[in-house]
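Student: Use the sequences and the hints to build the structure in full.
Residue numbers (our numbering), protein chains in the order written: chain A, 913 to 1021; chain B, 46 to 160.
Keep in mind that the hints were calculated from the coordinates and are not lab data. All residues carry an ideal CB built from backbone N, CA and C; glycine is no exception. There could be a bad hint or two in this list.
Derived CB-CB ranges, DEER-like [said to hold, decoys possible]:
(1) B:Lys102 x A:Asp923: 19 to 27 Å
(2) B:Gln62 x A:Thr995: 32 to 40 Å
(3) B:Pro120 x A:Gln954: 15 to 23 Å
(4) B:Ser63 x A:Thr965: 46 to 54 Å
Derived lysine-lysine pairs resembling DSSO-like cross-links, with alpha carbons at most 30 Å apart [to be verified]:
(5) A:Lys966 x A:Lys915
(6) A:Lys966 x A:Lys1013
(7) A:Lys966 x A:Lys981
(8) A:Lys915 x A:Lys964
(9) A:Lys981 x A:Lys915
(10) A:Lys1013 x B:Lys102
(11) A:Lys966 x B:Lys59
(12) B:Lys89 x A:Lys1013
(13) B:Lys59 x A:Lys981
(14) A:Lys915 x B:Lys59
(15) B:Lys89 x B:Lys102
(16) A:Lys981 x A:Lys1013
(17) B:Lys59 x A:Lys1013
(18) B:Lys54 x B:Lys102
(19) A:Lys1013 x A:Lys964
(20) B:Lys54 x A:Lys964
(21) A:Lys915 x A:Lys1013
(22) B:Lys54 x B:Lys89
(23) B:Lys102 x A:Lys915
(24) B:Lys59 x B:Lys89
(25) B:Lys102 x B:Lys59
(26) A:Lys964 x A:Lys981
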Amino acid sequence: LAKTTQPISMDSYEGQEVNITCSHNNIATNDYITWYQQFPSQGPRFIIQGYKTKVTNEVASLFIPADRKSSTLSLPRVSLSDTAVYYCLVVSGNTPLVFGKGTRLSVIA
Amino acid sequence: NAGVTQTPKFRILKIGQSMTLQCTQDMNHNYMYWYRQDPGMGLKLIYYSVGAGITDKGEVPNGYNVSRSTTEDFPLRLELAAPSQTSVYFCASSSQSGTRHNEQFFGPGTRLTVL
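Tutor: Structure follows, in structure tokens:
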């Protein structure tokens, strides 16, 4: 599975857009890019997944360039409740997920 | 649907004691997983199962055992607890079907302290 690299932490003020970039240089053809969110004292939660170009849902957008060696999770107008750890994962079939340390996002009022 | 449930929520063990962490899912998922998460770290896979009767080791299986006699249940057994097993344990499940690839659903976790 491709290894991922993402920032350890980020701070943002409420109402701002937050972009978290993840690099995955060795991503394979059949791999999907997936982001999970984990609030304190809870299990991770799937938020978005994509293969290429742009994916948007009610929570976030995911931008993937043509070479797929990186991806950017975009959270529009964050609020205090978006404070969490965000994990970028490369997913291949049903092989077990590999979680790194993730990016700890702190939203400040 | 209750999703993935785990019991107990908290537990304190003495060194050398044993216990079983329970995990049940009601989504008819064939894949189930056990992870541990140490403070400030990501999740590490302990064991996983692709269906009833089939289990396999993950990254950190030493000191643990699992069984999968039914689709719904995937208990994790700790034998001879050690302080290094102090952690938060998460159970998860996933299905081969669905539009999202390998979307895993996590339980609320069990916080275990070994003293």
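Student: Each of the hints needs a verdict: does it hold here or not?
Tutor: Results for each hint:
1. B:Lys102 x A:Asp923: 19 to 27 Å: With a Cβ separation near 39 Å, B:Lys102 and A:Asp923 fall outside 19 to 27 Å, so the hint is violated.
2. B:Gln62 x A:Thr995: 32 to 40 Å: holds, 36 Å
3. B:Pro120 x A:Gln954: 15 to 23 Å: Because 21 Å falls inside the window, the suggested range holds.
4. B:Ser63 x A:Thr965: 46 to 54 Å: holds, 51 Å
5. A:Lys966 x A:Lys915: holds, 21 Å
6. A:Lys966 x A:Lys1013: Measuring from Cα to Cα gives roughly 25 Å; hence the hint holds.
7. A:Lys966 x A:Lys981: Holds - the C-alpha atoms of A:Lys981 and A:Lys966 are around 14 Å apart, at most 30 Å.
8. A:Lys915 x A:Lys964: Between A:Lys915 and A:Lys964 the Cα gap is close to 18 Å, so the pair holds against 30 Å.
9. A:Lys981 x A:Lys915: OK: A:Lys981 and A:Lys915 at ~11 Å, within 30 Å.
10. A:Lys1013 x B:Lys102: holds, 21 Å
11. A:Lys966 x B:Lys59: Roughly 51 Å separates the two Cα atoms, so the pair is violated.
12. B:Lys89 x A:Lys1013: With a Cα-Cα distance of about 10 Å, the restraint between B:Lys89 and A:Lys1013 holds, given a limit of 30 Å.
13. B:Lys59 x A:Lys981: Answer violated: B:Lys59 to A:Lys981 is near 47 Å, above 30 Å.
14. A:Lys915 x B:Lys59: Status violated; Cα separation ~37 Å.
15. B:Lys89 x B:Lys102: Between B:Lys89 and B:Lys102 the Cα gap is close to 11 Å, so the pair holds against 30 Å.
16. A:Lys981 x A:Lys1013: holds, 19 Å
17. B:Lys59 x A:Lys1013: Within the cut-off at roughly 29 Å; holds.
18. B:Lys54 x B:Lys102: Measuring from Cα to Cα gives roughly 24 Å; hence the hint holds.
19. A:Lys1013 x A:Lys964: Since the Cα atoms of A:Lys1013 and A:Lys964 sit roughly 24 Å apart, the hinted pair holds (cutoff 30 Å).
20. B:Lys54 x A:Lys964: violated, 39 Å
21. A:Lys915 x A:Lys1013: Answer holds: A:Lys915 to A:Lys1013 is near 12 Å, not above 30 Å.
22. B:Lys54 x B:Lys89: holds, 19 Å
23. B:Lys102 x A:Lys915: With Cα atoms ~20 Å apart, B:Lys102 and A:Lys915 stay inside 30 Å; holds.
24. B:Lys59 x B:Lys89: Holds, at roughly 23 Å.
25. B:Lys102 x B:Lys59: Holds, because 25 Å separates the two Cα atoms, which is no more than 30 Å.
26. A:Lys964 x A:Lys981: Holds, at roughly 10 Å.
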